[in-house]
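Student: Listed below are the residues making up each chain.
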Amino acid sequence: MAEQVKEIKVGPGGGNKRGMPAPKIKNPGALLVRILGYVFKYYPAHMIIVLVCIILTVFSSIQGTFFTKSLIDTYIQPMLDSGSNDFRPLLMAIARVAVFYAVGAFAAYAQSKVMVYINQGTLKRLREELFVHMESLPIKYFDTHAHGDIMSIYTNDIDTLRQMISQSIPQLINSTITIVSVFVSMCILSVPLTFVTLVMVVVMMICSALATQASGKNFVDQQKNLGALNGYIEEMMTGQKVVKVFNHEAENIEKFDELNEALCNSAFKANAYSGSLGPINAQLGNTSYVICAMIGGAIALSDNIAVGFTVGALASFLTFNRNFSMPINQVSMQFNSIIMALAGADRIFKLLDAEPEKDDGYVLLVNCEEKNGEIVEADHHTGHWAWKHYHKATNTTTYQKMEGDVTFNGVDFGYTDDKMVLHDIVLHATPGQKIAFVGSTGAGKTTITNLINRFYDIQDGKIRYDNININKIKKADLRRSLGIVLQDTHLFTGTVADNIRFGKLNATDEEVIAAAKLANAHSFIKRLPEGYDTMLTGDGANLSQGQRQLLAIARAAIADPPVLILDEATSSIDTRTEKIVQDGMDKLMKGRTTFVIAHRLSTVRNSDCIIVLEQGRIVEQGTHDELIAKKQRYYQLYTGMKPETA
Amino acid sequence: MGDEKRMVKTLLKELKEYKLVSVLTPLCMIGEVAAEMIIPKLMGKIVDNGIYGGNMIYIFKVGLMMLVIALFGLAAGIGGAYYGSKASTGLAKNLRKAMFDNIQTFSFSNIDKFSTSGLVTRLTTDVTNIQNAYMMILRMAMRAPATVVFAMIMSFIISPRLASIYLVAVIILAFFMVIIMSKATVYFKEVFEKYDSLNESVQENVSAIRVVKAYVREDYENDKFKKAAGNIYNMFVRAEMNIIKMGPMMTATVYACILLISWVGAHMIVGGSLSTGDLMGLLAYCMNILMSMMFLAIIFVMLTMAQASGNRIAEVIEEKTDITNKEKAINRVVDGSIVFDHVIFAYNKDSEEPVLKDINLEIHSGETIGIIGGTGSAKSSLVNLISRLYDVTGGAVTVGGVDVRDYDLETLRDQVSVVLQKNVLFSGTILENLRWGDKNATKEDCIRVCKIACADEFIEKMPDGYDTVIEQGGTNVSGGQRQRLCIARALLKKPKILILDDSTSAVDTATDAKIRKAFAEEIPGTTKLIIAQRIASVQDCDRIIVMDDGQVSGFGTHEELLESNTIYREVYESQTGASADADFDKQA
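Line order of the protein sequences matches chains A and B.
As numbered in my numbering, residues 4 to 649 make up the first sequence, in order.
As numbered in my numbering, residues 114 to 701 make up the second sequence, in order.
Hints in this document: simulated from the structure, not taken from any laboratory.
One or more of the hints may lead you astray.
Chain B regions said to be covered by chain A (calculated; three or more residues, Cβ under 8 Å) [said to hold, decoys possible]:
id	stretch
1	208–220
2	347–358
3	376–386
Backbone N, C-alpha and C define an ideal beta-carbon position, used for all residues, glycine too.
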């Protein structure tokens, strides 16, 4: 895996810059619409309920505010004026408001309840879509994107999106409705005071914008410094043992302090600015209140009956004034988190929009039996396979026995179009043959095996499998026919048996044990605390490299594929274990076409054909004896003698 | 609970120069709250005496006072933000430093205890969590109770009778909130654990995508993931359903209070014992109190989430290295002789069976020693004891006639240079990487060691030669190239003992042979220990150690071992094979 990454990155000035500030989002509006559309698509009814609930909530709270006005104007003041003691009208009013309030409280509850379903449901769907889509992406995607970046989509980006969907958006809607309805109410009470309030709001927004700008700059710095520090931490933690071996601790601390200090500085500034935003807006809100009280007081006291602005109206207006600046504050506070969530959403959608692996293949791999000399498709495992061609033109289906004959004809390949790593590869593996690739690192051995199973598609030439162009074979069927043991073994969280069964999901316990025995893994598995049921975690961290490899071999064995690709499978198993593995492997390879990559030439010596690669070209091809007799490149690799003659 | 206390203590110890600002922040917040709480009272006054009293001058006077107080509140608020972020980012900085510095003192077994990714998480995400939590505590955790107290006091000053309505409401609300929160935290803890394991499975799929695709297991993995995601969904819904009960409970309480106060207040106003303005002030305080209660609940949740992070950080800070310098450590290594004297070694002191069992070896200075043996035969464990990467469990290892535990660690490790099996290069130029071996090495020195390690050849071919930038993890050089660079880096130390732990496995046979030849010619005085899988890599060593299951099964020259050691002979035969090859080997 690492090899591919490297091969892609080799080039002038290659490499990605770490901790680059997040790029500005190109089209925040469109992104927001897309997110909302995404949510709405699956939860239209829910969304409408939420909207209705929000309207009800806002409405009931406005009713409450109006009640404050009428409490004083309509009920208390007249009673004070007339000296009456009749509280019945007030009781009625309170009962009416209580109903509104009850509706409001219920609506708020319903809203948050429905929101939980919308939010968690959307996240679940999004996670699943991300994962399913990710699984469909070509290997190239994984080789060209840092794994940490992909992971952060699932963790950080989804998390900020969750906050946005569950908090920011409802609050934004709530605030907007509140702002509009409070604005209308204020206009009804007093236009001039509304104007004053608006002016103050503008001042508030300017202040917010200024503070946001100042903190934004610092946030970018903070992000950059955080990226630099985290990168350093990651590197040094990975290399901590090397640090010890080289007594490099003091230098490390020095460099770390420098980065740590820089981060602390920018984080402090960013937080101080963003933290000031709240108090600034709150006090501006208070100022707005005072100014309105003064002006409103002057109007109400002017005794101008034509204006019709009562003291009770002023009291209500002042409450509205508060209720107006609060949602505006909230909007400005949510703004940052929405922008951040949008940046995350952008990355999420980028992954979802990434081009999945193309598959135009139509030739299928099926189980078959031979009846009266004819190949017939079977619906059970027969141990025999056939290629099933469907011919559109004639609407007929033909079967062809799967044999494992692989040819490369003039194959050129490069991970990028401008830099070829394989040139004019020609080779022919007849069924059951063992083909060995040898050559120094970077010669292109691993690359060739990536082409047979179409992890990558070739630029020129043809690869034929049983004389069928592999582009015509359905990828899943092509890969099913190829067993692979990779250079880096990867195991999954689960039991040892689960991991072996990965090669054949419906394998019985007996089959699992048989496969483990074939790979000579049985004896070490038996010695594990819980045998085949031992849980493996963290990519099989509790096993040795050799044991992991034995499991990978067992996994390939249980899949029982007609063609095998062994990529340096034995390179980190010691020679003694290797001998045991080799023995099992020989059994596995019997009757199968096998491609082997190994550094140790002794393991490929008994191959039917050895292919010597150098800088992406085949320089020699033949059996061990033939190549030794030639005394050229293979001879040199094998013996460590004689200078290169090529 | 005692653990929690210790954790908090450990974390707070790192406050150091940020103690003062940590105190100033809540003080500022109290100032801000005080200002905020006085304002509703003044507002009530404006309404009562100014508006209803028809006194414009009063309105201006109190209005001005309000503005002054608002200004004070602003100053206090900004002060709180300033000091709060200073304190929290400062604490974060110190925590990172405390961890990083302590990790630098870790021994190999300390490092093994925490995984690499575990350490990275602690230094990054966990610290950020604590930073946010600390900021929250300093600013909000002080603000919310202060608001409740101030608002209460103000309310009681206005009207003890009405204020007691809040008091009851607050107590009832607090009671239910504690119940809901404590239940919710349990749920959330559970969810986050599951959530982590979901993300782990994504991670697994990202790194093992080749396996998934090779076995056409996309659908299988999808199903597995969907099932896990479904679980998470159910748990999250259950947990959140609990939390959301708080919202309407809050609203209902606020509304009930407002209505009650209106009703009782109206009676009181009519009865002449309360003014209209006071009533408005009371309503404002009512909101303040209940909002603060809500805040407290949120803080509570945040803190429980930060708790796990705090524990993880404290673990690293409190971890004691198990390899330390003795007093009066020896600063000079005389020569490269090595003796293992009845050495017993186990990675875990409690494990029943040691990894190395009674090892006795004597290696002379300047010798070249090959080490060969099966997986798990403890080859690496054996050599790791020499530079004291681990300490022996029993017996002693001496270098230059002195027990390694008596040396100054830095001296010892400078003289015993190890090329680890899992080796890494760091981001930076090739020269910078090489100079890890010796800070002051000249370019000529570097070229010299690269020539010995057969790295010079490919470095020269690179566009920027020795100034070529190595990317993080050394991804832009091949495995074999990386190994050769690591050998060169180790050589630059000019060590008395050089240990190669399977360090040429990705190097082709020819180059491997060339490196060994260079060793013999260029650094004949250095004791060389070479762990290898290939017999060819060790067969011309002075002597070869054959390891088997933690014991020395044979120690001698190639010829002697072929004669006497069955394991060695087996390995040899497996690698050389048929008789035809024997001829061929003679040619070589």
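Student: Can you tell me if the stretch 208–220 of chain B counts as covered by chain A, using C-beta to C-beta distances under 8 Å and a minimum of three residues?
Tutor: holds (count 9)
Student: Using C-beta distances, would you say chain A covers the stretch 347–358 of chain B, given that this needs three or more residues below 8 Å?
Tutor: holds (count 6)
Student: When I compare C-beta atoms, does the stretch 376–386 of chain B have three or more residues closer than 8 Å to chain A?
Tutor: With 5 residues closer than 8 Å to chain A, the stretch 376–386 of chain B meets the three-residue bar; holds.
The structure agrees with every numbered hint stated previously.
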